[in-house]
Structure formats: structure tokens, C-alpha cells
Amino acid sequence: MELIPILSTIILVATISTFLLAIGAYILYKTRERRGQIAAVPRQAEIVAEVVTPSGMPAPRQMEQPQVAQQPVFVERQPVIIQQFPGQPQQQFTQRPQPYTAFRQQPTGPVTQQPGQYNVPGYVQQRGVQAPQYTAQPEEVRQQKDSKFLKYTTEGYVSTKENKESGAARWR
Amino acid sequence: MEAKQEIKRSSVVFEDHEHFEPAEDKGNKYLKRIMVSGLISLLLVLVIVYTLPKTVLTVKSLLEYATIVALVIFLFILLIRYFSILIMAYLYINQYTYSSLTGGYSPFVSILVPVYNEDKVIADSIKSLLELNYPNYEIIIINDGSTDKTRQVAEGLVGYRKGKVSDIKISLINKPNGGKAKALNTGIKYSKAELVLCMDGDSQLSADCIKLAVRHFANKEIGAVAGNVKVLNRGKLFTDLQALEYIEGLNMARSAQSFVRLVNIIPGPIGLFRKKAIEEAGYYSSDTFAEDADLTLKILANGWKIYYEPNSISFTEAPVKLQQLLKQRYRWTRGIIQSIKKHRKLMINPSINFGDTFILWIMFYEALIWPAMNIAANLFFIIAAFAFGFSSLIFFWWAGLALLDLVTALYCVAAEREEFRLVGYSIIYRMFFILIIDICKLMSTIEELLGIKMTWGKLERVGVAKA
Chain A
7 MELIPILSTI ILVATISTFL LAIGAYILYK TRERRGQIAA VPRQAEIVAE VVTPSGMPAP
67 RQMEQPQVAQ QPVFVERQPV IIQQFPGQPQ QQFTQRPQPY TAFRQQPTGP VTQQPGQYNV
127 PGYVQQRGVQ APQYTAQPEE VRQQKDSKFL KYTTEGYVST KENKESGAAR WR
Chain B
171 MEAKQEIKRS SVVFEDHEHF EPAEDKGNKY LKRIMVSGLI SLLLVLVIVY TLPKTVLTVK
231 SLLEYATIVA LVIFLFILLI RYFSILIMAY LYINQYTYSS LTGGYSPFVS ILVPVYNEDK
291 VIADSIKSLL ELNYPNYEII IINDGSTDKT RQVAEGLVGY RKGKVSDIKI SLINKPNGGK
351 AKALNTGIKY SKAELVLCMD GDSQLSADCI KLAVRHFANK EIGAVAGNVK VLNRGKLFTD
411 LQALEYIEGL NMARSAQSFV RLVNIIPGPI GLFRKKAIEE AGYYSSDTFA EDADLTLKIL
471 ANGWKIYYEP NSISFTEAPV KLQQLLKQRY RWTRGIIQSI KKHRKLMINP SINFGDTFIL
531 WIMFYEALIW PAMNIAANLF FIIAAFAFGF SSLIFFWWAG LALLDLVTAL YCVAAEREEF
591 RLVGYSIIYR MFFILIIDIC KLMSTIEELL GIKMTWGKLE RVGVAKA
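The listed protein sequences correspond, in order, to chains A and B.
Counting with the working numbering, you get residues 7 to 178 for the letters of the first sequence.
Counting with the working numbering, you get residues 171 to 637 for the letters of the second sequence.
Calculated from the structure, these hints are not laboratory results.
Quick reminder that beta carbons are idealized off the backbone N, C-alpha and C, glycines included.
Check the hints yourself; a few may be wrong.
Calculated cross-link-like contacts (lysine-lysine; reagent style DSS-like; alpha-carbon spacing at most 27 Å) [to be verified]:
#1 K623(B) x K36(A)
#2 K512(B) x K36(A)
#3 K36(A) x K491(B)
#4 K36(A) x K199(B)
#5 K36(A) x K511(B)
#6 K497(B) x K406(B)
#7 K406(B) x K359(B)
#8 K406(B) x K36(A)
#9 K36(A) x K497(B)
#10 K332(B) x K36(A)
Beta-carbon label-pair distances, calculated as ranges [to be verified]:
#11 L26(A) x R251(B): 25 to 33 Å
#12 V226(B) x R41(A): 52 to 60 Å
#13 K332(B) x R41(A): 44 to 52 Å
#14 R41(A) x F558(B): 40 to 48 Å
Taking the hints into account, I'd like the entire structure generated from these sequences.
Structural data, given as C-alpha cells:
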């Protein structure tokens, strides 16, 4: 049997049922509404209202974000040890921001989440769905990943990365 | 939330700005209208009966040609509507993505929370408002004569509460019941802020909603910013279909309108206004059942521009049952028609404000013409199937529309980074959901044109909204 006549029949029945459902629901709604009619509210020229406000002033509170925004961003150069081998410690200098530097403007456009963070909509949280968590990896971990290839020499395993700041000439 | 703080009570008298025209005798007016419409229809039938024998057409062929022409026109309008909205929404999103931020502008904002019998959700709503990522705002709860424990719960919330960035003042106004429009007007008059954020008592705002919306007010021409409304209580057939409708039907249209800075309805769950723009517009009116549409049209008529901020999100509870959904749509449709009728001068005369004329015609088309066309097309296919045996026509009609909806849903879900599973609902969206909504719209339109009385209905909340 062909597919189109079957689908046509299904859609035809569905459309007629929807028509009947909509008209029936509307009539039922109107019948229920008519029972629950209420008197119109009298119109007044003035509205007398009671205003309830807090009596005192708030206790002074440390404003967190705006104060941070005024501060300059300090950048300190700190040594980070990538990988230690007996007799051959390697050091690299990387820029690490201080922990209190962080007031940044939101990026332009519809993207509102901070880099490295995925904002989950409330309705997803409400249903208890496990949200995908993505966190940016710290600099040390990334550096270690870069040096995962090791070269075997007479001095043992050494990193393949060059120490460009040592100033020593290297033969290729 | 913190402990109850000391409060101060005072009595304040607010002037009611609304001026109502005396009620007219609608019975005679509508009887005349029906009689005139009937006479015109009779005249048209007579013209057809008189001229038809002079042509090559028979009555049957006339009906066939007329329906084919009507369907072609319908399809043509449908495609133009879809693609113009899609293109304008796309241009808007592009423009939005590359526009620069205006940093450092953070004026004082009053958040107005009108509540009526919301004791189940008010505490959670206020708790969510304290989590907003904005330093300079206050919360004003307006209790519109609630008959449950809303007053007691709200009084317990009054005080200076610890917000995310600063301490937030929470005040409460207890007033006699008068509707949402009057409640918001009372709050606007009480507020001393430059900007006011109007929302629903059961809605929850996203953390950055004020920060993102406020930046547009650096442009002095902007009178209001409409936010993005999303369905909170998902997981059921009707609420999921509404979630798709909010993304595909409402937000995409709002994006397209925002491209020309002419958003026609600032949604009730989230709208940020320049107080001056509301004062110039003469505040909210309670003579229509869509007070937000009415105020938006008045603000536009005064020459202000209105923008849409897609990242200022308000999560709201959507109707779960069909009866509640019909109640909501009945009120929306009649309210929009009332607003169109109220501003018909602007609709007819484009020299007053062309933007308003354009927007009013779009509203007229969406509220009256589109539902009628959709119902007529579906009826035609049912009749064609039974009377002429063309049952496969309805399949091709459905397949075409479903494909169009599928593409639009894919685009909208991608643009809003929404749940992908909503795309699947586009298959039954037009044939099932929109048909129900359109039948409700048509019935409401007929009732409004006949002048049948209606009352404010309040949706029953179950307290799903949690902070």
C-alpha cells in the first residue's frame, strides 16, 4: 500500500479532530466563564494605598565589584616548574594574574557567559539534568601537556622543548 | 532570606489618570453592524447571480477557481510573511552581535512587581530578583488587593536585603483591587527612578537582564526595551509547544520588528521603560485587556523608539491545561483588537506616525486576517477530501507548512541557543497547536466585534517557579 494515502488519511483525521477539540474546548471554556462572572470594579478618581517601607537605612556594606573595577591590574612574573628530572630542573616564566584582578567587561553580542564557563538555563537546572561543565585548564597543566614528548639521552629523559632563554648555542 | 526588618507604614493617595468615556448602548450599535454586513453580502450574491450567466463559468467552476485563487494568495502571503520575518530577524541578530556595548551607564531602576493572590510564588520571585547582577536598583511590590496571604508574605519581605552586588531596598504598596494596569501605574507614580522595569509577579528574571537592557537607554531616542520571555514549566505537550511558539512565533517576530526599532508589544513579564516615556503616554490604561500592547502603541505614537534585548530573559509559567491556554489567548486576542480599535486613527492616517500605522496593520493582519485564512484553508482541504476525493491535497499542504516550520524552528533554536528537542514539535505545531489557537482567536474576534462582555481571568498558578 502506498504511503501518501495513509499519511493523508492520518492528517485528515487529525485535522478534523483538532477542529472538534478546539470548538468543544472553547464552548466549555465559555460555559465555565459564564458561571464565574464577577461584578465590575467601581472606578475611582483617587487610589488610597498603604505604603510599607523599611524604617532605617541599610548597614554599610562593602561593594565588591565596583571597587575592584577601579584597581589597576597587577601582573607578576612567577616561575613555574614544568617537569623535574634528576639533575636538570627546567624553569619557564609565565604571566600569572593576581587573583583579585578580575573585573572585565562582558563580551559584545549575545554571548554572556564568561570564558571557560557554560551558563546553564534555569529550566535545565530545575529538571535536575546534569549540566555539561567546562572549566579552562590552568597554565601549568597546559604546559605539562606540551612537554609530554620526551627525548632519551645519556642523561635520561629530557624535554624536547628548547630553553631559548639560556643563551646557549645549539647544533642541529 | 534574612530575618524580618523594622518597617514604616504610611498612607499615600495616588491620582487616577484614567478618563473613561461614558458607556454607550452597544446592543443597537452591533445589531446595526450585523444588518449592514448582511445587506452588503446579499448585494454581492445578487451581483454574482446576475452576472454569472453572462460568463463562461458555472457555479461549481466559480467556487473551484475562487478557492484556488484564494489558496494561491494565502500561500503567497504566508511565504512573504515567513521570509520577511526571517530575513529581518537575521539582520537584527547580525546588527546586535556587532554593535558595541555602552559601558559605565547604570541609572537607578525600580522593579515593579504587581501581585494578586500570588502567595505561593512571591517569595521565590523576590529572591530571584535579589540575584540580579546590577548595582543600582530597588524592588517595589504592588499588592493589588489580594485575598490570600500575599500581603503577609510580602510584608515579611520588606526591608534592605542583601543583593548580589549591593543592598536592595524592598517596599510594598497595598492598594484596593483594580487590575494590573492600575497596580503598575501606582508603582510608576511612587517610583523616583529614571527607568522602571515592569514584570509579572510570577516571573523570574535572568541575572544580567537589567544590565543588558539598560545599556540601550544611553540612546536618548529609546523609550523602552522589550525583554525575551521564555517558558519555565516545560516537559508537557502544551508547555513545550508554547515554548516553541514563544521562540518561533513571538521572539523571532520581535527581533524582526526591533530591526526597525518598532516592537509592537512589550511583553508583560519583562519590559524596561523610561519613566518619562510612560508619563508622556499617559500611563497604562485599563480600558483594554492588553494594557502592554496599548502602552507600547502610545509610546511609539509619541515618537519614541523601542528595542528588543534577546538576552534580558524572563522565565514565566505557561498555561498547562487547554482551558487555561484558551483563557489566556482569548484575553490576548480581544485585548489586541481593543487596542487596534482604540488607535484606529493612527491606523488610517499614516501622516500622524508612520511607524504606528505600519505596526497596527501588522497587528491587524496577525490577529484577524491570518487566523481566518488558516482556518479557511484547512476547511477547504477537508471539504476537498470529502466532496471531491482529493485527500492527498491535505498531505502536501501539511508537508509544505511543516517543512517551513521545521526550518524556522531550527534557525530560532540555533539563534537563541535553546533546547534542540523543541524542533521536533514543529511537525505538529501548525496542524495541531496553531489551529487550536487560531480557532480561539477567530471566536474571540467575533465576540469582540459583537461586543460581548468579558472579565479579567486570572490563571491558576501551581507554584512551579523556584529561584
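Each hint, compared with the structure:
no., hint, in the structure
1, K623(B) x K36(A), "holds (12 Å)"
2, K512(B) x K36(A), "holds (25 Å)"
3, K36(A) x K491(B), "holds (15 Å)"
4, K36(A) x K199(B), "holds (23 Å)"
5, K36(A) x K511(B), "holds (24 Å)"
6, K497(B) x K406(B), "holds (18 Å)"
7, K406(B) x K359(B), "violated (40 Å)"
8, K406(B) x K36(A), "holds (24 Å)"
9, K36(A) x K497(B), "holds (9 Å)"
10, K332(B) x K36(A), "violated (46 Å)"
11, L26(A) x R251(B): 25 to 33 Å, "holds (28 Å)"
12, V226(B) x R41(A): 52 to 60 Å, "holds (56 Å)"
13, K332(B) x R41(A): 44 to 52 Å, "holds (47 Å)"
14, R41(A) x F558(B): 40 to 48 Å, "holds (43 Å)"
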